[in-house]
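Student: Mind assembling these two chains? They're in different frames, but the hints should get you there.
So the protein lines, in turn, are chains B and A.
So for the first sequence, the numbering used here puts the first residue at 1; every next one is plus one.
So for the second sequence, the numbering used here puts the first residue at 1; every next one is plus one.
Heads up, a few of these hints could be off.
[What the hints assert, rightly or not] Okay, derived cross-link-like pairs now, SDA-like style, lysine to any residue, Cα gap no bigger than 20 angstroms in a straight line:
#	chain 1	residue 1	chain 2	residue 2
1	A	LYS194	B	VAL100
2	A	LYS245	B	ASP80
3	B	LYS170	A	LYS304
4	A	LYS343	A	ALA69
5	B	LYS151	B	VAL161
6	A	LYS194	B	ASP102
[Claimed, not checked] Listed next, with one range per pair, are the computed distances between beta-carbon atoms:
#	chain 1	residue 1	chain 2	residue 2	range
7	B	THR83	A	ASN87	52 to 60 angstroms
8	B	ALA60	A	ASP165	39 to 47 angstroms
9	B	SER93	A	VAL124	52 to 60 angstroms
10	A	ILE112	B	GLU51	57 to 65 angstroms
11	B	VAL152	A	LEU187	49 to 57 angstroms
12	B	THR29	A	LYS196	49 to 57 angstroms
13	B	ASN82	A	ASP197	27 to 35 angstroms
14	A	ASN87	B	ASN87	45 to 53 angstroms
15	B	ARG140	A	ALA68	44 to 52 angstroms
16	B	THR29	A	GLY327	57 to 65 angstroms
17	A	ALA68	B	THR108	40 to 48 angstroms
18	B	THR108	A	GLY218	43 to 51 angstroms
Hints in this document: simulated from the structure, not taken from any laboratory.
From the three backbone atoms N, C-alpha and C, an ideal C-beta is built for every residue, glycine too.
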Amino acid sequence: MREGVRAVAVTGLGGLFALAGERAGAKPTVWQIDPQKCVRCGNCANHCVLEQSAVKCVHAFAICGYCQLCTGYFEPEPNDLNTAAENCLCPTSAIRRTYVEDPYYEYTIDERLCIGCAKCVEGCNRFGNGSLFLQVRQDRCLNCNECAISKVCAGDAFKRVPADHPYLLKTMSH
Amino acid sequence: MRRLYSTVNRREFLRQGARDAGLLAVAGVSLAASERSARAAAGKDANPFAYDLERVSKTDPKLIRYEAALKFPSVAPDPRRLALGPNDDLYIAGKRGIVILNLAGARLDEIILSAPARCVAVGVDGAIYAGLRDHIEVFDRKGQRTATWESPGKKAWLTGLAVSDRDVFAADAGNRVVLRYDKAGKLAGRIGEKNKDRNVPGLIVPSPYLDVAYGHDGLLRVNNPGRHCIEVYTPEGDLELSWGKPSASIEGFCGCCNPIAVHLLPDGRYLTCEKGLPRVKIYSAQGQFECVVAGPESFPENAKAGAISDKSDGMLGGLDATVDSRGRVCVLDVVAATVTVMKAKA
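Isolated chain A, as found in the complex (with noise of 0.2 angstroms):
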């Protein structure tokens, strides 16, 4: 018969106990660090109030068509805008002035200016439009200045310059208008202001990145942050169209005030840049998303919440690009000061 039960001295009970008591408080003491890690992993101890992005921080990978190429630093400091001359070198509006780079990167040349620059633009003859906060100064493709504007007014806030064969646009955010100028400096026009009669909407600036840029075919693409949409103008002012929605998702334009720069690529589809979720993408010339040329993962920095707010001067992160004659898209981010050209993935 099989014994169920056998006998045990005082002693080795205790001994047994103790082994069985000290598995036990093992057995605890892991179960309670696995659930530690596991709450850690899954976020419970994070911030019960979190601001929820993470659907929208994520990109398809299906939909970003674009790769870096290339990288580098930006050289002028707190750089705002950037542009492409002729012969696709890069100009960019920073604190200190315009600094001309090529295309791998490399320092071909400084405008130093009074007062930080804060858009730039370049014409087909070489001529370099600076935007500095409430004025104009043109430059020749040697950098000596030749000539400085009129300021439109105390509240001009100028942050995007368009040039065109007979005329430049410039973007004032602070008075929230475009304002059409000859190649003299003498103003022509305004163009976006809210009117009743020409069926304009008004243009709706929260915070200065006001845009505006020329296509071939004659008209003007201006950003409508406020309203969360890019308008189509001629040069007189009339509104023709206008293209957009607010959404977080990837086809809209996000948060509170967005797109913040617009660009044309030469068969006229869209370049758009995005603040909040730093975003860059194409839409074709009707306005219809494309694809992704880069997104937030691309720009860790400029995703934080006022990531250089405390620079007090109305900038708040951001990206600029533009296209070069090879159809790669060069983009500015802001936050991180560095210049990354992306090339159509094969």
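The following block holds chain B by itself, in its conformation from the complex (with noise of 0.2 angstroms):
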């Protein structure tokens, strides 16, 4: 009987052993955007813990068009294609536009001022290459336990990803 009761403990804490050493072992994670199943809802502004959102817009610059009329940038009927505030798509003014040559503009995202409301996001996704984005970015996201955005996000694109590859980039082959 002793015997038994021995050999029953000494199991059980081989197993508590084993199962501290498998959750030592795993793989650090964070949260991230897959930009494929982003539905650009505006739920990343509103719903981070942080006061400004850990959710930033970038750019893919490989895969954009360097559009002269770029509707991310843009208000969809703009009175002018110049950088008024009236014309401007975005409501922080995060985008910046800079000439580069007889019709291309380079737009570069301000993260300081960018909010991730993602409205340039879905006029460049509805209309253009869709080199605009959000992501959750590591240097600002708390990595909370459960994210406040994950439980609103309404096109189910938050995922916890590896912290060494902590980025989903779009890409594309054209």
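Tutor: Listed below in structure tokens is the structure:
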């Protein structure tokens, strides 16, 4: 009887150590947005626990068309193609437009101003190549156990990714 | 004398009080519910950062002069472009190759290719020209391969084809040029490349949607999506004229880069297709807006942003259209993989 109890206790302890070891060996993960699933619902701007969302718009220059009439930058029906506020789509003027050569312009995101509302992402995806998309910036994200945005994400785009590959970047072969 | 006040005992007072409180609670709940539904109806609970295309997503019914006569599946998986043959047979370029249908939607034949076909054209002699990503393959009317032409280069991305009596014109979106071949596949010219001396501003092609159409007048029509216009060239590459303007309104070409496809009606008028706001429209031979064949309402799946962006081959939705011998417009919806035959309203 005593031997039996001892054997059970040893087995139990062994199991606990094995579980602890497995936990310790698990790779750390972080939150990220799958850009192919994102539906640009606007919730990233409003539901992060941080005062200014950890979600920012990022720009894949390799797939950008450098369009003169960028639908991620301009309102759907702009009065003119210039940087006047009434023509611009971004509610915080977080996109900078720079002339490259006729008729190409470069668009860069000022992350200090970007609130992750995805308005520009919708415009770019609807008409253009989809080079603007949202990502959780890991230097800002608190990596909450239960991400407040993930709970309301309309596209179920939030997922855990390995911390050593924390970004899901868009690419296109064209 | 009329009594203004009546005396009530404590029990009656409490009973009346409870009834009034209940009524107030019910009224309050109803008010809140009606306010919620009113808010929802007004869209106040919706995305405060919504990209607003409400005004231009609906087409004025007076401008729509065509109606759907028939709709059928494209059969070809991942369809991209369509063309009509001499007998009004429909040739659809897709993932597996070229599918041939009649205009009732019945499958007649299929040409299987080693790679997806991205464009197709059919000569008056029945020869079928299939544009793969970087080269053209030629088939006879029975579907037997007769030639495989040399690739124009590494960056080649063929998205449109047109055939004349003597030449084949291939729109190469990757190199932003229209290539002129003779019927033997020998490269005979390059059209649309930026050239100050010839006053050619150059084709701006942010995404793989470059098209070419050949008119009875011997001139080529090429879409220049980044400049929101149609350009008219001689087969030798001289730019004759261009027309078109950027606008989300119905008379212009919407978004960053439209139109994506151009076709000519027998009387010289233009048939154009747009993406983003999927629209098929007709312009006069001089480039004046005339009417809408089908507006965004007709393509609900296609109208969603990034509808097929997960395919990662540059396609982002869109439409293609052509005209049959009876003047009916055949519209290919590449997202829904359907063909709609539109006839003019009576």
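Student: Work down the list of hints and note, for each, if the structure agrees.
Tutor: Results for each hint:
1. A:LYS194 <-> B:VAL100: Holds: LYS194 (chain A) and VAL100 (chain B) sit about 16 angstroms apart, inside 20 angstroms.
2. A:LYS245 <-> B:ASP80: Given that 20 angstroms is the threshold and the Cα spacing comes to 13 angstroms, the pair holds.
3. B:LYS170 <-> A:LYS304: Within the cut-off at roughly 19 angstroms; holds.
4. A:LYS343 <-> A:ALA69: It holds: about 6 angstroms lies between the C-alpha atoms, which stays within 20 angstroms.
5. B:LYS151 <-> B:VAL161: holds, 17 angstroms
6. A:LYS194 <-> B:ASP102: Roughly 11 angstroms between the alpha carbons, so the hint for LYS194 (chain A) and ASP102 (chain B) holds.
7. B:THR83 <-> A:ASN87: 52 to 60 angstroms: holds, 55 angstroms
8. B:ALA60 <-> A:ASP165: 39 to 47 angstroms: holds, 44 angstroms
9. B:SER93 <-> A:VAL124: 52 to 60 angstroms: Holds, since SER93 (chain B) and VAL124 (chain A) (Cβ atoms, about 56 angstroms apart) stay within the stated range.
10. A:ILE112 <-> B:GLU51: 57 to 65 angstroms: Hint holds: Cβ distance 58 angstroms, inside 57 to 65 angstroms.
11. B:VAL152 <-> A:LEU187: 49 to 57 angstroms: holds, 56 angstroms
12. B:THR29 <-> A:LYS196: 49 to 57 angstroms: holds, 55 angstroms
13. B:ASN82 <-> A:ASP197: 27 to 35 angstroms: Holds, at about 31 angstroms.
14. A:ASN87 <-> B:ASN87: 45 to 53 angstroms: About 51 angstroms separates the Cβ atoms of ASN87 (chain A) and ASN87 (chain B), which means 45 to 53 angstroms holds.
15. B:ARG140 <-> A:ALA68: 44 to 52 angstroms: Holds - the Cβ-Cβ distance for ARG140 (chain B) and ALA68 (chain A), about 50 angstroms, lies within 44 to 52 angstroms.
16. B:THR29 <-> A:GLY327: 57 to 65 angstroms: holds, 60 angstroms
17. A:ALA68 <-> B:THR108: 40 to 48 angstroms: holds, 45 angstroms
18. B:THR108 <-> A:GLY218: 43 to 51 angstroms: holds, 46 angstroms
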